[in-house]
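K.L.:
Chain residues, written in single-letter form:
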Amino acid sequence: MSDGSVALEGVTKRYGSETVVAGISLAIPAGEFFTLLGPSGSGKTTTLSMLAGFVMADEGRVLMGGRDMTRVPPRGRGLGMVFQNYAIFPHLTVAENVAFPLSVKGTSKSEIAARVAEALAMVKLTGFETRYQRQLSGGQQQRVALARAIVAHPRVVLMDEPLGALDKNLRYHMQVEIKDIQRRLGMTVIYVTHDQEEALTMSDRIAIMERGRIAQMGPPREVYEKPQSSFVASFLGEANLLRVRRDGPAVRGPGGSVLVAAEGGLSAAEGLAFVRPEKVRVESGRAEPAPNRLTGKVLHASFLGNIVRYEIDAGDGATLLCDAANAAGVEPHRPGDIVTMIWRPEDSRFLAA
Amino acid sequence: MPLGRLPAWLLLAPALLLLIGVFLVPIGWFLVASIMELGTPAEIWEEVDAVLFSGAVAGALINTNWIGLVVTLLVLVIGYPVSYALSRAKGVAFTLILLCIVLPYFTSTIVRTYAWMVLLGRNGLINQVLLGTGLISEPLNLLYNRTGVVIGMTYVLLPYMVLTLYAAMKAVDMRLLQAAEGMGATPLQVFLRVFAPLTLHGVIAGVLITFILAIGFFVTPALMGGPSDIMIAMLIEREVELTQNWPAAAIMTVVLLTVTLILYGLYSRFSGALEGGAKP
Chain A
1 MSDGSVALEG
11 VTKRYGSETV
21 VAGISLAIPA
31 GEFFTLLGPS
41 GSGKTTTLSM
51 LAGFVMADEG
61 RVLMGGRDMT
71 RVPPRGRGLG
81 MVFQNYAIFP
91 HLTVAENVAF
101 PLSVKGTSKS
111 EIAARVAEAL
121 AMVKLTGFET
131 RYQRQLSGGQ
141 QQRVALARAI
151 VAHPRVVLMD
161 EPLGALDKNL
171 RYHMQVEIKD
181 IQRRLGMTVI
191 YVTHDQEEAL
201 TMSDRIAIME
211 RGRIAQMGPP
221 REVYEKPQSS
231 FVASFLGEAN
241 LLRVRRDGPA
251 VRGPGGSVLV
261 AAEGGLSAAE
271 GLAFVRPEKV
281 RVESGRAEPA
291 PNRLTGKVLH
301 ASFLGNIVRY
311 EIDAGDGATL
321 LCDAANAAGV
331 EPHRPGDIVT
341 MIWRPEDSRF
351 LAA
Chain B
354 MPLGRLPAWL
364 LLAPALLLLI
374 GVFLVPIGWF
384 LVASIMELGT
394 PAEIWEEVDA
404 VLFSGAVAGA
414 LINTNWIGLV
424 VTLLVLVIGY
434 PVSYALSRAK
444 GVAFTLILLC
454 IVLPYFTSTI
464 VRTYAWMVLL
474 GRNGLINQVL
484 LGTGLISEPL
494 NLLYNRTGVV
504 IGMTYVLLPY
514 MVLTLYAAMK
524 AVDMRLLQAA
534 EGMGATPLQV
544 FLRVFAPLTL
554 HGVIAGVLIT
564 FILAIGFFVT
574 PALMGGPSDI
584 MIAMLIEREV
594 ELTQNWPAAA
604 IMTVVLLTVT
614 LILYGLYSRF
624 SGALEGGAKP
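If you read the protein sequences in the order shown, they are chains A and B.
The first sequence maps to residues 1 to 353 in the numbering used here.
The second sequence maps to residues 354 to 633 in the numbering used here.
These are computed hints drawn from the structure, not numbers from a lab.
Be aware that one or more of the hints could be misleading.
Partial list, computed: chain B residues near chain A (C-beta under 8 Å) [what the hints assert, rightly or not]:
id : residue
1  : Asn476
2  : Leu529
3  : Ala532
4  : Glu534
5  : Gly537
6  : Ala538
7  : Thr539
8  : Pro550
A quick note: this is a predicted structure, and the numbers were derived from the prediction, not measured.
From the three backbone atoms N, C-alpha and C, an ideal C-beta is built for every residue, glycine too.
With the hints as constraints, model all of the structure from the sequences given.
P.N.:
Below, the structure written as structure tokens:
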């Protein structure tokens, strides 16, 4: 392992007649926090297994630090790993668990002791050395797994849904800590999750996977605000996807309203207009006839604390979600109110249906 | 009343009564009556001393322990890989392996032993094959000696070891082995540092149950062994049937029973660990 960069070139994996990963290519520079995000069955775990060396690719190459690792077994790849179920060895103490990656390589006792102490300090588990797995809480087990992944100072750490089993508070806490450790050690992290919020918070870049392919790859803000498909739009957070059709030079949506979007032209006769709920402004009264202005009737108004979420019937079977900040002096709309929905062209995109 | 609400002792009562009636009471009566026949405690002690330190009993005890040890080790060495295969096999393969191990148990011990005698005899199948292929020039003595006893007992005891180890191995989380591999362990290290320690309690339990059963063996050594392969159970039978020295038989029985119960106490500790020990 040299510089911590990782690349996949046209990697494919089939199980029988089923193609689980279909020709994925990506390049991860050293020090990046890269997330594979997707629903279950999208191929993200298989992709990670091919990076780890547990699964051999049928086609394509796996490169690490520029070296071809496609056929190298896991122990030759020098990676740190955090497993979904933590995989803490029940017959070993915390210290022995953390020491495992070093002791199998025959590292000297004194160096092991120093490295284990350092790793445990980093995950704030100093003092837990002699405990066994059954004496640890879920969060503590997670920390042991993390310490064990970083103890050998790997340039690349793979994490497979490491926070999946933790409750929400602890999750947030661990997200911050993992991110912090990653920055301090300057390591490349390849992270698998199905939790879109986690992916958005932690990642430098996200690859959203759909049926064995990368649907879209980019920084969190870009994939969130500029989805290239309806799958990406609706997988990452809430999205309004309105049916639209071409009418001469114009694009018309619900009630024949004219819609415009800054990017992503409508290539076919019909398609979808995408806009996030928080980008839609809701005003009282009917809409003036202008682009990206729709009249609708409030169906529900849900108070979520910092925001109020409206569900608004825009006619022609279209229902929009609109999030309004619960800002100072704002009087909420009530169910039954007639309102106008407005959004900017740069917040909207036309997508293939 | 639904069956689930019956107290446990009521459900156990028929079996317990049977055990008490046909096992505990007769054996207790046999031991007490036989030993009381001897008279005063001093006289009893004299007889105990005479029996335990007689050449025949000492020899049988040595034989019993030695054969038990060799058989247990052989069963462990043969059984460990079989159990591993069984614990990882699925579907048809699993059923086939399990059938091969368990099916012989639907046959009577005597029949199985005679089957081995057909295979192992001087003109048996094994010797004929070996002579035919020219691997040996003289028939091997596989029967009516220590070799025959060990082969026969190893075969009979193998399933106890396999099934005990299987339970321990089945409980091992395969993801731990993969994790070890991912952390840089070689296949040998994965086995020595993870799999072996996680199945150790199964090995101990399997060794104990095999040894317990081995030291009480009677039919196999009687039929497949030679004149020097007397085990303690055979000696007890001889004292009862031939010499009708019941006190001597009773003393030997007490020795065998004590050893068995001590080992069983250890066994139940380790087999208990099968359910609780390996998991968080």
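K.L.:
When the structure is checked against the list of hints, which entries are broken? Sort them ascending.
P.N.:
Checked against the structure, the only hint that fails is number 1, while the rest are satisfied.
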